[in-house]
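Colleague: Read top to bottom, the protein sequences are chains D and W.
Taking numbering that gives the first Met the number 0, the leading residue of the first sequence gets 0, the next gets one more, and so forth.
Taking numbering that gives the first Met the number 0, the leading residue of the second sequence gets 0, the next gets one more, and so forth.
Wrong hints could be hidden among the right ones.
Straight-line distance between alpha carbons at most 25 Å, and here's what the computed PhoX-like set of lysine-lysine pairs gives [claimed, not checked]: (1) 65/W x 285/D; (2) 364/D x 65/W; (3) 364/D x 87/W; (4) 87/W x 212/D; (5) 235/W x 364/D; (6) 364/D x 70/W; (7) 285/D x 247/W; (8) 242/W x 285/D; (9) 86/D x 181/D; (10) 262/D x 86/D.
Please keep in mind that the hints were generated in silico from the structure rather than gathered at the bench.
None of these values were measured; they are calculated from a predicted model.
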Amino acid sequence: MKKIIDYLKNEFNSYSKNIRITLMVLFALVAGFLIFGIQILFWGLGYTDMNNNFAMGIWIIGDLGLVALGGGAFFTGFILYIFRNDKLEPLINSTVLLGFMCYLFTFILLVFDIGQPLRAWFGYTYPNWGSHLMPQSMLTEVVWCLTLYFCVLCVELIPIALKHKILDSIPVLHYIGHYLHKLMWIMAAVGTFLSFFHQGSLGGGMWGVLYGKPTWFRPHYFFLAIVAATAGGTSFMLLIPKIAEKVMKKKVAPAESFQSLAKISGIMFIAYTIFRIYDIVVMSVKYVPLADRSFIDLWGGFFGIWLLVVELACCAGAIVLLNLKKFREQEKFLFYGVICGVVAVVFSKFDAVLHGFSVPNFPWKGFTGYFPTIQEWVVMLGSFATMALIYMWFAKYMPFFPHLEKEKHKEGGN
Amino acid sequence: MMKDMENKMKRRWGMAIDLDKCTGCGECAVSCAQENNLPIFEDDSDIPKKMTYLDVMRITNDRDAKFPDVKVAFIPKMCQQCEGNDPKNPQPPCVSVCPVVATDTGDDGVVSQIWSRCIGCRYCQVSCPYEARVFNWWKPKYEGSFKKSLNPDVSIASRGTIQKCTFCSHIWKKERDKAVMKGELDINAVLYTPACVSACPTGAMVFGDLNDPKSEVSRLARDNRAFRLVHTIDQKKPDEQKKFRAIKNFPNPKVYYLSSKQWIRDLMRFK
Ligand code: SF4
Ligand code: SF4
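Chain W extracted, bound-state conformation (with noise of 0.2 Å):
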């Protein structure tokens, strides 16, 4: 028993995308949105107020660049599971401003979000540096079979609540819980995939824990391809670093991404 009390999470949740291998397909981000029970409605085109947790972002190099100079590429943006400044104590932007404890992070990391805690009132969605809380404007709609096809392991959030990605827990529970009945009582033992890695074609997306120096996604995050998006700190000296995090607090994101090219680096600094 005491033995079981001290199975702790040790997981670090992480991922890493390769922005070289993405085609800008989309699969992951339909896969998410079916994972999560996203709603889709009839004029969907109204983007700012869709329902996605997986946005697949098109950048180019220059608006107004013409064939052969225009170079283009998709960044698939998530959460980013932030952790503050500190890993041990995480601090994401967005956890600390809700008036009613509806978002928190695990000791696995992610940045969870209980839709029937919450009150509708956007204070995370504003803090959010990535963009990447939704919100329903609208009452979610499954029409015809889509209903049937809906995923029982996630709630349905209602009107005015705030929703976002946590990583697919819900798949690692899953995975605990199967684990457990083949007699596997350390949660740490069990590793899972969420949705929208799975459904990537081109293995552009790596998931895995950060904490283990061995795993994939530890070895892509020291990779010196990889960046985080628009966190131009980590470009910083490590005393200046220093110096700026003694002021304020940095989102510090855990999901890397990979590119050979410079432009979409440069494009991850303004001007």
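This is chain D alone, in the form it adopts within the complex (with noise of 0.2 Å):
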């Protein structure tokens, strides 16, 4: 025991103050994670902010947001092994990891969303299917593809953590690594299915068959989501390498990599910005009159148009950065188009619900507010610690960046 402490104490010390200090941020996060988590799940979701107006909230904008942005893993595998991008390849197992850390938290913050989780296993045993070959409520459809999709993220997985030299000095292992990994290219397919409908029925589908409200109800909502995540998720795979980069202070994949992921991305916004734009206009114009309301006038209160305007400024940002060579090729320029990207579908994401929910469904009703309490930052924060720590810790242990490994055998060779 004594051993372990003194490893564990020796290994902390052996890092920067600056890491020290994240570090030391990070795990008190995961520990309030653990007994906020406790609170909720054992007392129930009074003690957070949603109340019976509004009645979702940060643990489902982060749900959709980690959906979207792990939404880039499914697109980058698109292009890698369907389009043969070989120039990915560096940045795949990255990825990969990214994508399956994303579903996972949106599973468990789905568990901490619903107010029964012992029961969240009826979503399998008495889905609501309805009597058509698709299902009849988008949420069911988001557990079914929610959880095939996370399946075939961890068969992409498996291969990654297979290479790890003590594992892959067993010649079983390295064989069905191998293996695994020739058989990629269908695992990309079947997830890139998936993955299709599920993007767009939990960003998007889920709130435009909303009939009842003018906020939501938009028969293509589904589609603009796909897109959403397809632009935003790219930019997302770039910016945690790019940061990882950073904080290793080493080059993590050649530049080409990055330069043509951020290509990708700059191209799917410009799609994003035009379907957006069209959204905007046919909601105007079509959807809400529909109800007898103004579009304008949804967009008071609290969360009201700035949301839209920075979701805007940021697809701009993100078309003119990433697509524009010469700012691409600038290392600063590149960073502040990727952060442009997630901000734009993360703002997306708010203006779907944090601004949903405070619309007011009675003429007589003001916009609502909603601030999230302790219990819900913490939940949300510690997962994206819990996410950040496993994430250094396959960057520092696991053959994660193929590049990294190339350079230090360079190294041993010199």
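With the hints in hand, could you dock these two chains into one complex?
Modeller: This is how it looks when you write it as structure tokens:
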């Protein structure tokens, strides 16, 4: 026991001061996550600021954000394995891990968010499928697609773990890893297929079908969410390795990989912005007037129109910085570009959830407000902290960035 | 036997509430809470988290107006038992969304809810345009002698589930059982009155079968003082309504409100 503590102490002290502080904050958040998580699971959602008017809160925004950003995993895999853009190969491990964690934590946050976590399995045993091929409830689709895609991500993750020196030296595991890797394009194809549906359903379709609510109802919302995920997700898949690069002070992937992904993200942002503008136009001339309301009046209140303005401004930022070669090739602007991309997609989720819930249903009521309680913040940030720690662990101990491994070998050879 | 099986429900329960008669006494809300075993918490001033099926909403013509210009009215609001565009195949906004089929529409048109099936995702609550569904944010509590007055016909929900008004369906079942004991096997012969309606001292609430053109509620629903809560499509011309319905469903509630005051009717649409 003493040995373990000593080992951990030495390990901890071997990092620079900034990293030590970061680690301490992250661990504190994880501890908070456990404590408040237990409180929420055992004593209920009364401790949140959600209520009968504002029925979903920060966790659902987290879910939507995580799934949209994690969607970058399926899209990057799709471009790499199906379109054979081999430049993305050095980033794929990081992408798969990020996708895996985003989905894992979407599940975890969903479990916190539902009132009866012990009944979560009802989603599989009593699905609301209706009489058609596609499920009747968007949430049924979300549950099934998320689960199946999560399985795919697990399979995709296994070869990465099996490449670890110790595991790789066992012949059976070596072959399993090798063949799984060969089959990855099938997984990428299945993953893309599944992702396509739940990106649409959780991100947009889930809200688009709510015909009782003028803020949300529009039939194309499903597709808008898919495009959002491909655009913002790829930005996110670029942002995180870039941050890792800054922290580790080493090149984790060749510049052309980053450039290629940035270009893809930039192009997708053009598509997203066009689609989003179309969305705003048809909402204001067609769908909102169906409920005898005007689009602009829905945008009052505390979380009002500025959310939309920030979203569109960030889209513009991402388009300019990621598509123009002169900006993209400068480290600083590339960084800003992907941050714009991530913020744009996160804000599009704020538009839907944070703003969507604040809109009054009765003419004699005003816009409502919502501010998450400490429990909600800590559970949410604690999940992000756990994700960050897992990512750091993989980056340090796993053959995670092939480029880095190659460089190491070269150094060793010299 | 064959004849019994043909005894399908033909009822389509609906309600009419005369706002000009309602004094806002809250009797309906209290009797509803008691009938349906709704818990009471120490701090029930936390209204957005309160468990209540029937909310008596206070409306006013102008928040800043002073006597004698100020006008006030009360709107008792419960689940409006929506039907969607097609009453033959009812599709309320809240039913199709449930991932676990915990809520459904019966063939009497009442939107039911099974608390013990509900996983508490609140998706139905989100989709309801009338804020009619309530969530058990806390574990239901029944202090002291309140426990002894619980209604054995309504099951108590657990924490973390959605509950809603069911037009006191359990009372209808009880009345039917009573009728069966007396030898009456036709379900449609049995009528009933929900708790809120029987409690209303001014007779502002009327309950009955909308399928029966002679019933009081049908007559009131056709009255030209009648309107439905924030459902402005009703005021459109028929061809325009048809066009709108082709694009989307509408809640199409079965609860009608009556008033001859223009300011109340004006409040039913967003400016
Ligand atoms: S009022 Fe709300 S809960 Fe009731 S049927 Fe309509 S949508 Fe469903
Ligand atoms: S809260 Fe319950 S009834 Fe409502 S949609 Fe979720 S599982 Fe269904």
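Colleague: None of the hints should be skipped; say for each whether it holds.
Modeller: Right, here's what the structure says about each hint:
1. 65/W x 285/D: violated (39 Å)
2. 364/D x 65/W: holds (20 Å)
3. 364/D x 87/W: Given pair residue 364/D, residue 87/W is violated - Cα atoms ~33 Å apart, limit 25 Å.
4. 87/W x 212/D: Holds. Residue 87/W to residue 212/D sits at ~23 Å (cutoff 25 Å).
5. 235/W x 364/D: holds (24 Å)
6. 364/D x 70/W: holds (16 Å)
7. 285/D x 247/W: Distance ~11 Å between residue 285/D and residue 247/W Cα, so the pair holds.
8. 242/W x 285/D: holds (12 Å)
9. 86/D x 181/D: holds (18 Å)
10. 262/D x 86/D: The hint holds at about 12 Å.
Of the hints listed earlier, those the structure fails to meet are numbers 1 and 3, in rising order.
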